[in-house]
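As they're listed, the protein sequences go chains Z and R. Under the numbering used here, the first residue of the first sequence carries the number 12, and numbering increases by one thereafter. Under the numbering used here, the first residue of the second sequence carries the number -7, and numbering increases by one thereafter.
Worth flagging that the hints you see were computed from the coordinates, not collected in a lab. If you're wondering where the values come from, they're calculated on a predicted model, not measured in any experiment. Built from N, CA and C at the ideal position, the CB exists for glycine as well. A portion of the hints provided could be inaccurate.
[To be verified] The following label-pair restraints were derived from C-beta to C-beta distances:
hint, chain 1, residue 1, chain 2, residue 2, range
1, Z, D144, R, R267, 53 to 61 Å
2, R, E449, Z, M12, 19 to 27 Å
3, R, Q408, Z, R119, 53 to 61 Å
4, Z, E141, R, A364, 54 to 62 Å
5, Z, E141, R, L567, 54 to 62 Å
[To be verified] In silico DSS-like links for lysine-lysine, alpha-carbon gap of 25 Å or less:
hint, chain 1, residue 1, chain 2, residue 2
6, R, K326, Z, K90
7, Z, K145, R, K259
8, R, K259, R, K305
9, R, K326, Z, K221
10, R, K316, Z, K50
[As the list claims (entries may be wrong)] Covered by chain Z, according to a simulated footprint, are these stretches of chain R (three or more residues, beta-carbon under 8 Å):
hint, segment
11, 21 to 35
12, 93 to 100
13, 139 to 153
14, 324 to 331
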Amino acid sequence: MKFFVYRYNPDVDTAPHMQEYDVEVSRGMMLRDALMEIKRQDEAFAFRHSCGEGVCGSDAVNANGQNLLGCTTPVSELKEPVHVRPLPGRPVIRDLVVDMSQFYQQYRAVKPYLIHKDPLPEQEILQSPEDRDKLDGLYECIMCGCCSTACPSFWWNPDKFHGPQALLQAWRFLADSRDQATDERLDALEGPYKLFRCHTIMNCVESCPKSLNPTKAIGKIKELMLKHSI
Amino acid sequence: MTLARRRFDALIIGAGGAGLNAALQLANANLRVAVVSKVFPTRSHTVAAQGGVNAALANVFEDNWHWHMFDTVKGSDYLGDQDAIEFMCREAIPTVYELEHNGVPFSRLDNGKIYQRAFGGQSQNFGGAQAARTCAAADRTGHAILHTLYQQNIRARTHFFDEYFGIELIRDEEGAILGALTLEIETGEPLLIEAKTTLLATGGGGQVFRTTSNAHINTGDGMAMALRAGVPLMDMEFFQFHPTGIAGRGMLITEGVRGEGGYLINKDGERFMERYAPNAKDLASRDVVSRAIVTEVKEGRGCGPNADHVLLKVDHLGEDIIAKRLPGIRESSKIFAGVDPAVEPIPVFPTAHYMMGGIPTDRLGQVVIPAADGSEQIVPGLYAAGECACVSVHGANRLGGNSLLDILVFGRAAGQQIINNLKDSPEHRPMSEAAIDQAMAKLTRWEQPGEGISVRELRDEFRKVMEDHAGVFRTDEIMAEGVEKVKALREKLKDVRLGDQSKVFNTARIEALELENLIDIGMAIVLSALERKESRGAHSRPDYTERDDVNWLKHSVYFKEGDRLDYKPVQTKPLTVETFPPKPRVY
Ligand SMILES: Cc1cc2nc3c(=O)[nH]c(=O)nc-3n(C[C@H](O)[C@H](O)[C@H](O)COP(=O)(O)OP(=O)(O)OC[C@H]3O[C@@H](n4cnc5c(N)ncnc54)[C@H](O)[C@@H]3O)c2cc1C
Ligand code: SF4
Ligand code: SF4
Ligand code: FES
């Protein structure tokens, strides 16, 4: 199977180029397996990966125009020749490795941790199964970045717009019955950019490998804001 | 060029559950703590843990920590240290509550309490009815815990060095550890981190075997760093093969699947565990189930065109339970085995999973060099916690759900002990140039030009050797050959050359450094295994089929210098309760 892979090594290259590789496909081969095979052929090729089972979020790349995880994408589902590029809109460090600092900054900006102000009980803080169900579809985010790097608003304003991943996490805590910082969280999202730059283009939903729905979460935050303002 | 340096009160190498729980204690105490991780923290392999974490909360059935302790001692095949086990089982309860308070989204029971499921090797009342002791967040417990701990560390303003690779510990003449040499992966520049205390929390090393549930990054770096700093590794022959990896690929199918009611069948559709463990059946201890599966396949009752695996049947649980309790498993089965467990059984075979052995520590996470008379000498400034450490609470075989517990309890204990120790050590000890040069040589070794064997080639060869010579069943002949082969590969390592000498994000260089570590711990595994002439827990020998408490109720201790093995007695005396004396282990 033919692959064209984005190559750029700042130590030796003046400009990026697409390099062609031939990979012998085996049964059940995932894109990550193919990239590892390419690395066998060419030691200098760099990409991030670790768990191989879609849980660590390391190996998000752009293949044939789609953001996805290498380790859970069977090569048989990709049209040949496969064009593999780094996630779009982020500075490239080398080959498929991009600089995700801004993405992590935006995550930190939403205070992604439980804030519980009452004195803590001796045992667990109780939560009904129904309340716990509200966290499903939110807490599973693996921070792969497929969504935010597919979001046009994040491309244009990565410093101001939080982007779908961070907003999904903002909602994860707003939705948690144990969290007691709703007002602060909502206040912090006020303003024209942090939340409101989302134009519901839905790229994020389409590209999430965990089938999460940041657009819906953003909608919920807006709803809650509205409720709180009246 | 001068070497960049940073100074901290505490250096933590590793940002999995162990490292992050330690960091959280330190950051909450307002100490300057640096957490170094070769991957972004939430990519650490704790994220992959599925089933859950054990604590006798008694939310489902009656339970208490003493029963938990009994199960753990028995599960360890009596090789676990009973003082440490008592400590862990007692601490389990506040530890899980603390996690919950920190925000872990545990699944819930109708009364609002944390959901607990049944796991293998758990009993009520010292060997009675099945207990339900594993606290779960669906089948994504590790993910839920790791993300929560990272989040709380953000709140506590822990200082992170993401994508920095720990190369070598720095020590002075007295053997005290003064920090570590690291490599910033993005720039390819070395960074020396000086610290009054250093905690190794680098996780396991499943990558020594070809088929494993462990991630690409699980290369045992911390254990190898300790070895090279003169610290031995304990009980390295005990490597757990998890019974249910996806056949041919190695990804894990959690024991929680059997806890929820799934069971194993052979090609005749027989529920064969009933023959091997009449009482506990599919929830017998992991070593028992793994051996049963391998025996079924060896005796021709395997499934599939090559008769090389067995099947895990789940569909009878019904769509609802599967969707609610095992969503991650369903997803993985579909992707990697091409089956929907709600319709078809999952093809499974044992996969290299967990290292019971590691860097010897005491209950407070302090690294100790054990002597044969049972005394222990503390290595000043060095701590270890998590899968890279050996306290030892798992002995010869770890129970499911006890590892997340181990990393959290001892990560926390180490953090607290570091806080105590820092009170007495206001100053950084001086670091000699010679010690720094020695560490730098690890790095410059890979700058040798010229043609040679590639890292890949040697890595592939090594992992195959380990699988063939230190797998589930072990004979003298097979292992002796293994030792020779690993020795030969260690020699060959000198002829390995790096083709790519560039600096920026050079993953080939990282893999070269990892390969050296893998071979160091591989040697510890085969040698310790060859010498232990009995069957105990995960260490199963057809040529010595019985457990031998007279000669072998002791820990193996491997030193890199001279490939030397030593032994140390098991601590059979608990802290406050009576000893559980060794008994035959039947399930
Ligand atoms: C698939 C799977 C499922 C599991 N399920 C369960 C379960 O349900 N219940 C249970 O109790 N246990 C389970 N376990 C076991 C348990 O998850 C692990 O033992 C545990 O998470 C290890 O945690 P840790 O903090 O020690 O290491 P890890 O989480 O592996 O973290 C190691 C850290 O060290 C860093 N590191 C390593 N080397 C270097 C270096 N050279 N330089 C810098 N940083 C370095 C890494 O970047 C990482 O941050 C499971 C294990 C696997 C593989
Ligand atoms: S829906 Fe909003 S967040 Fe998602 S891609 Fe579109 S603009 Fe971005
Ligand atoms: S929301 Fe989905 S795509 Fe976005 S970071 Fe999380 S897991 Fe990845
Ligand atoms: S390698 Fe971990 S998500 Fe793909």
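Evaluation of the provided hints:
1. Checking the proposed 53 to 61 Å range against Z:D144 and R:R267 shows it is violated: the Cβ atoms sit about 41 Å from each other.
2. Checked against the hint of 19 to 27 Å, the C-beta distance between R:E449 and Z:M12 comes to roughly 23 Å, which is consistent with it.
3. For R:Q408 and Z:R119, the Cβ-Cβ distance of about 26 Å falls outside the hinted range of 53 to 61 Å, so the restraint is violated.
4. Between Z:E141 and R:A364 the C-beta distance comes to about 58 Å, which sits within the given range of 54 to 62 Å.
5. A C-beta distance of roughly 42 Å is found between Z:E141 and R:L567, which places it outside the suggested range of 54 to 62 Å.
6. For the hint linking R:K326 to Z:K90, the alpha-carbon distance of about 21 Å falls within 25 Å, and the restraint holds.
7. For the hint linking Z:K145 to R:K259, the alpha-carbon distance of about 42 Å lies beyond 25 Å, and the restraint is violated.
8. Of the supplied pair hints, the one linking R:K259 and R:K305 holds, its CA atoms being roughly 12 Å apart against a limit of 25 Å.
9. Restraint check for R:K326 and Z:K221: satisfied, since their Cα atoms lie roughly 14 Å apart, inside the 25 Å limit.
10. Proposed proximity of R:K316 and Z:K50 is contradicted: the alpha carbons are some 39 Å apart, above 25 Å.
11. Check on the segment 21 to 35 of chain R: 4 of its residues sit with their Cβ under 8 Å from a Cβ of chain Z, so the three-residue criterion for coverage holds.
12. Closer than 8 Å: that is the beta-carbon criterion, and the segment 93 to 100 of chain R has 7 residues meeting it against chain Z, so the requirement of 3 holds.
13. With 6 residues carrying a beta carbon less than 8 Å from a beta carbon of chain Z, the segment 139 to 153 of chain R meets the three-residue requirement, and the given coverage holds.
14. Chain Z is given as covering the segment 324 to 331 of chain R, and this holds because 4 residues of the stretch bring a CB closer than 8 Å to a CB of that chain, at least three being needed.
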